[in-house]
Amino acid sequence: MVNYIFRRVIVAFFMLIGIGIVSFIVIQLPPGDYASTYKGYLLARGATQEDADRAEVLIRQQYGLDKPVAEQFINWIKDIVTKGKFGYSFAYGKDVGVLIAERIPMTLIIAILAHAISTVVGVGLGIYVAPRKYGIADNVWAIISFILTSVPRFSLAIILLYILVIDLKQPSVSSFFSPQFVFAGWSFAKVVDMFQHIWPVLLIAGLGGVARNMRVMRGNLLDVLGSQYVQTARSKGLKENTVILKHAVPNALHTIVAYQGTVLPYMLAGELEVAIVLGLPTLGPLFYEALVNGDIYVSGSLLLIYGVLILLGNLLADIFLSILDPRIRYS
Amino acid sequence: MSAENSEIIATGSSLNPPLDLPAGLSDIVVLREAIPGQEENESYTQLVWRRFRRSKVSIIGGFMVIALVFLAIFADFFSPTTIYGVDLKASFIPPQIVHFFNDANGNFHIGPYVYNMIYTLNPKTFQVMWVEDTKIAYDIHFFVRGSDYKLLGLFPMNLHFFGVSDGGTVHILGTDKFGRDLWGKASEAGRISLTMSLFGTIISIIIGSVLGVASGYYGGWIDNVLQRFTEFVTAFPSLPLFMALAALIPKTADSFTVFVLMACIFAILSWTVLAREVRGKVLSLRESDFIMAAKEMGASDARIIFRHLYPNVLSHIIVILTLTVPAIILTESFLSFLGIGITEPLISWGLMMRNTQDIQTLGQNSWILAPIAFMVIAVLGFNFLGDGLRDAADPYAAK
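Just so you know, the protein sequences line up as chains A and P, in that order.
The working numbering numbers the first residue of the first sequence as 1423 and each following residue consecutively.
The working numbering numbers the first residue of the second sequence as 771 and each following residue consecutively.
Calculated from the structure, these hints are not laboratory results.
Note that the coordinates shown come from a computational prediction; the quantities given were computed from them, not determined experimentally.
Ideal Cβ placement from N, Cα and C applies to all residues, glycine included.
Warning: the hint list may mix true and false statements.
Partner residues aside, some chain A positions facing chain P, computed with beta carbon under 7 angstroms [what the hints assert, rightly or not]:
#, residue
1, Leu1451
2, Pro1553
3, Val1573
4, Tyr1728
Sequences and hints are given; from them, build the entire structure.
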């Protein structure tokens, strides 16, 4: 197991480098470099040509943009690891690391909550429908799960926004808290208020996850229920509930754990879509704005962050699985 | 199996002429006919169809897809008005309700009709809005002559599926800001949404099947490298990367270039599922008797791959195709909705949704959400279809 985890971490490390390279390519791809973009930004803000030219040269030296691409990449990674500096964002006038630090806690809270809720509900539904294979409940839930994964999530968010703003006239949809709680310390009432604001994201990001988890759990449980040891358990005269919950479910859970690594990108993508539509201050809207405005260090860094989050999720799922199931070996 | 047997013999014939095959082949044929009462084997396609037909949901899915494809191809025909014109005087007309029986004045009337729409000031709120003018009713006729268009861009026509007589309008889903009929526009948008996803899927299938077959067939270090690469691409956050790459397409690029680039962007991240499935299938086939036999007879790798392996993984490829298309439709619509995807004058469902970003416009004209229905039907249809095909693709497996 230790050997497996060790090898898994090494693979993850190489993937991390790969993700870093791709993110860096996204920063490098637009025509012109950061210095010339900054010059354009200064000119647009009314700076004189000479000032802008001087700033361009200064920035090129300061950021080492005149060095070869490989060296720039290594410097970029080195700054991130040692100083937590990701690069400068013009739109916000801060280092991208500060922006990310501001927004990442809520993004993670939302993604993890949506993830946890969808796993619990999805697994529960899977356990409920599997023994009722091809029954009414099974078919109804199958169709519901199909519909849940088929509706574009951004359009669900628009519909929900419409209901919240136009029909229910709910204020401050695009924030996490009502005005009276913004400066208040953490309390139970503040948490309740937060949930009143983030439930649309949790709901929409989580719904598709519920459907996916349910389908996987149903399939696994059906496979396990067909195996001989379940038949033995039944023939001992155990109650059907005991057979399912005590004997079959634990063995069907392995695949769900392995599957969580796949669900996480789906959750983050859902959070991204819904947060952009609702305008919630998480990483999603920041990423989108950066893409539209050509704020390259923000978009590249966020791509890296998203990659790292998903990589970590996959790694944790695999490690957890190897603890849960000692038969797992690295192949 | 019969097809494979004869295939092996045929392979031999091209390599070893002295085997005297024609006689051998005819022997087999004679042998078959000689056994009376032997059951006629059903072909693979027949078996697949038999299993597919049993699943009602997949049939429904198939119909949904076909309906959308027809609407998209013949959008000009199905739209009561021209789909290219702009009429600012008709902006934001709500969906016109189709009535069937007696009109508001109590006169006997049968058959579908709509009332005239007039633009008036609401006396209470002073809001300008469209209301039904029950004094004038227009009968909806089918196969009417209307605005000119070119069917498939080739044949000049003016026949429309339905429409009303001159002076009236019939917008069953309402109109948008520019007075364009949403029903006609959404049908037309299907052209881009569907062709782009299909185009992207085909590219991804080419990449995925080549890498999958190579990985499974050659094994060894090639397999190792390709597997790690596939793992890497799978682990990448796809939606953020799609967004980042789509945003890199220059704003000045013309619509067609954007279309092609978008399809390529979707393709480079969507091939992994297929590559995995094909690899698994090829791995299991590699050791099978008929591949061994082909190898023994000296068939080249290319021949084995294209003549023997591909036909056997084709069913899986088709299944993945039907499941990749909806995924691309969803992503494309989101990107176009954000304005980093398809650009005017091309139109896709996601781009139509762009108007809904303004909550005020949306609040007064909720019917501009109509394209959602088209997207859901498309995605649901393909998912249903793919699900049924997946069960049917392997008809030899025990149910």
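Cross-check of the supplied hints:
no., hint, verdict
1, Leu1451, "5 angstroms, holds"
2, Pro1553, "19 angstroms, violated"
3, Val1573, "5 angstroms, holds"
4, Tyr1728, "4 angstroms, holds"
Hint violations for this structure: number 2 only, all remaining hints satisfied.
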